[in-house]
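These protein sequence lines are chains W and U, in that order. So for the first sequence, this note's numbering puts the first residue at 253; every next one is plus one. So for the second sequence, this note's numbering puts the first residue at 2; every next one is plus one.
Source of the hints: derived by calculation from the structure; they are not laboratory data. This one's a predicted model, so the numbers in the text were calculated from it and none came from an experiment.
With a straight-line Cα cutoff of 25 Å, these simulated BS3-like cross-link-like pairs (lysine-lysine) come out:
1) W:LYS653 to U:LYS73
2) W:LYS464 to U:LYS43
3) W:LYS353 to W:LYS333
4) W:LYS490 to U:LYS243
5) W:LYS405 to W:LYS485
6) U:LYS43 to W:LYS323
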Amino acid sequence: MKKILAIAIVVLAAATLFVSCAKKGSNELVIQSYMSDEAPKAAFQVLADQFTKENPKIKVTINTTAHEQYKSQLMNYLTAKEAPDVLTWFAGFRMQQYAMKGLLEPLDKAWDNTQFPAAFKTASSYNGKVYFMPQSWYWWSVYYNKDVFAKLKLATPKTWDDFLAVCAALRKAGIEPIAIGAKDTWTAGGWFDYMDVAVNGGPFHQDLTAGKVAYTDPKVVNTFNYIADLSKKGYFMKNAASYSWQEAATLMFDGKAGMYLMGQFIKDVAPANKKDSIDWFRFPLVGSNTAYGVDTPFDGFMVPAKAKNKENALKFIAFLARKDTQESFNKSLGRLSSNQNVPVPNADAQRGLDMVKGATTAMQFYDRDAPEEMASKGMDAIVEIINTPAKAADILAALDKERVRIYAAVQ
Amino acid sequence: MQSLRRRRLDFAPWAFLALPLAMYLVWVIVPIFESFAFAFTKRDSIIYGAVWVGLDNFKRLLGDGQFWLAIKNNFAWLLFFVLIPVPLGLLVAMLFNSGYKGDKLFKTLFYLPMTLSFTIIGTIWMWIYNPDFGALNTFLRSLGLGDIAVQWLGDRRYMTGALIAVGIWRQVPYVMILYLAGLQGVPPELVEASLIDGANAWQRFRRVILPLLMPATVVAVTISVIDSLRAFDIVYVMTNTKARAAEVLASYMYSSSFAFSDYGYGSAIAVVQFLITLVFILVYVNDVLKKEDAR
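Take the sequences, apply the hints, and build the full model.
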């Protein structure tokens, strides 16, 4: 018994010592990051090293957590008594919901209107205050295999009818027309955003993601009819729901599938010798619409209101806003910088930028514009509709019931 | 003097038990009551912003189609977990118990799935179920059954069935081991006596061995029921809880709490799951206690 007591005392003493050690060092900066993929992780480390060089007194710690796990932990990071100082995150509603609850620190001090376009400020603010520092952004578009299109003498489609004709030609040639890795249900989120804006226009879609329109609204049903129609015609790759997004991308790289609605980061996973056979075109226009929308997610950083080393955090945020640091991070990844003074990294990004500039509607993405639970259930519903298009009406009715509850809880 | 020694003896087991009991209290009992309390609140964090909402979460459960789907799936798990692994495990145990050459090897091979974690099993079966080049569909196509070579894990209609099949695959060896242990307790004299009395193999099994295996059967059924009710690992690994069609109570509790930060609602689901499990546990404990009394 004495021994146990002695051991217990030693363990307790050690624990106290450990905790007090952790509490000491006030000149720290703790960054919680979801950049677990190799390329962005390395690019971010370069920035951290540079920050350390400029501020040798601040000890920088980066804790990296895989994406999905990070999302489920975020609320705990934000509400911890001694929260991390800087968090990687997304702009739009995904961030604003936390600002709404008073969990975020305003970053207005680090914001410079001459550095960032107005659209970025809107997506980074809540109630007139900036809570988010955007770093990089990219676009979604229809990626396609140039070699396949050349072999079948196909032109990139501009309208929905052209698009259907291309699908038919690909199907006839024994190639899966549309790749989609629907095991990751978010891939269906892109289809939802683009299809709904193309069919019903941007303002309607924004109302829908804001919860103001029912999923059973005839206009929404019409959007889903377009998606269900593609499925009925067999234009989505078969067994789509069994493929992850990268596995489906491989089909397109190998010329077994023709097209893939995806973000620019698809290039990150293309093998070096296939990168040049992959190109993209704008999502086709439906009917007489000439206006179009684009998904342009902004990635960046926020500071919890309970951050332990707030001063250092704000210093780091100001550092991240700078032209040189944004350029350093985005150049290697081929993404666009939020800081408008950074030159576009390459011709491909210039095309992307031009497409975005011509758009009447810029979206963050379904799961960033709508509450996450809504988007998660919505995206599962789309995959289900692709699987069993005949059940679309029932699926949408169930989804709308969720909408009513989820938005009531958010407000 | 005598009384002092006695007291010390009484004290000793509690001294040894103190630490594990304290841990059990802190990590099992208290959290159970805490999640009961959580279930009556609305909160989007474990520590932050709890609002007392009374029975709201439970009322919401009643009208939640997804919850009823999870219950339905859970009962499908339960039904198949009792109907298939228990008889199958018994059959395999009987086969291996006859004691022929190499039975140890087969026992080991059969037991192997039990030694793998659900994460590994889930990953292996994801490959087996791959619709295009997985072992299952390749086999079906080779038999000319290409029509039923479907997306086992992609199509929302087949998901739960495919997951239960994996669970059963792992449960059978578990039950087998329970029965093999039970068979050790069957006195050979009784079997021999029935032989002398001229009982055939079926009569011997039905009238002598099976009744003697009753305790093993009770354990096997109870464990299968409880395992089916707490099914989570396989669902999580093989569907990532993104596909709602395969959701069971445990995974719905997980996604409500941790994916959607709706801890109050997740706790309400946990309470329901706890109560359902409790019914089966009480039945089992009651049975055990009765036997103890009879002794």
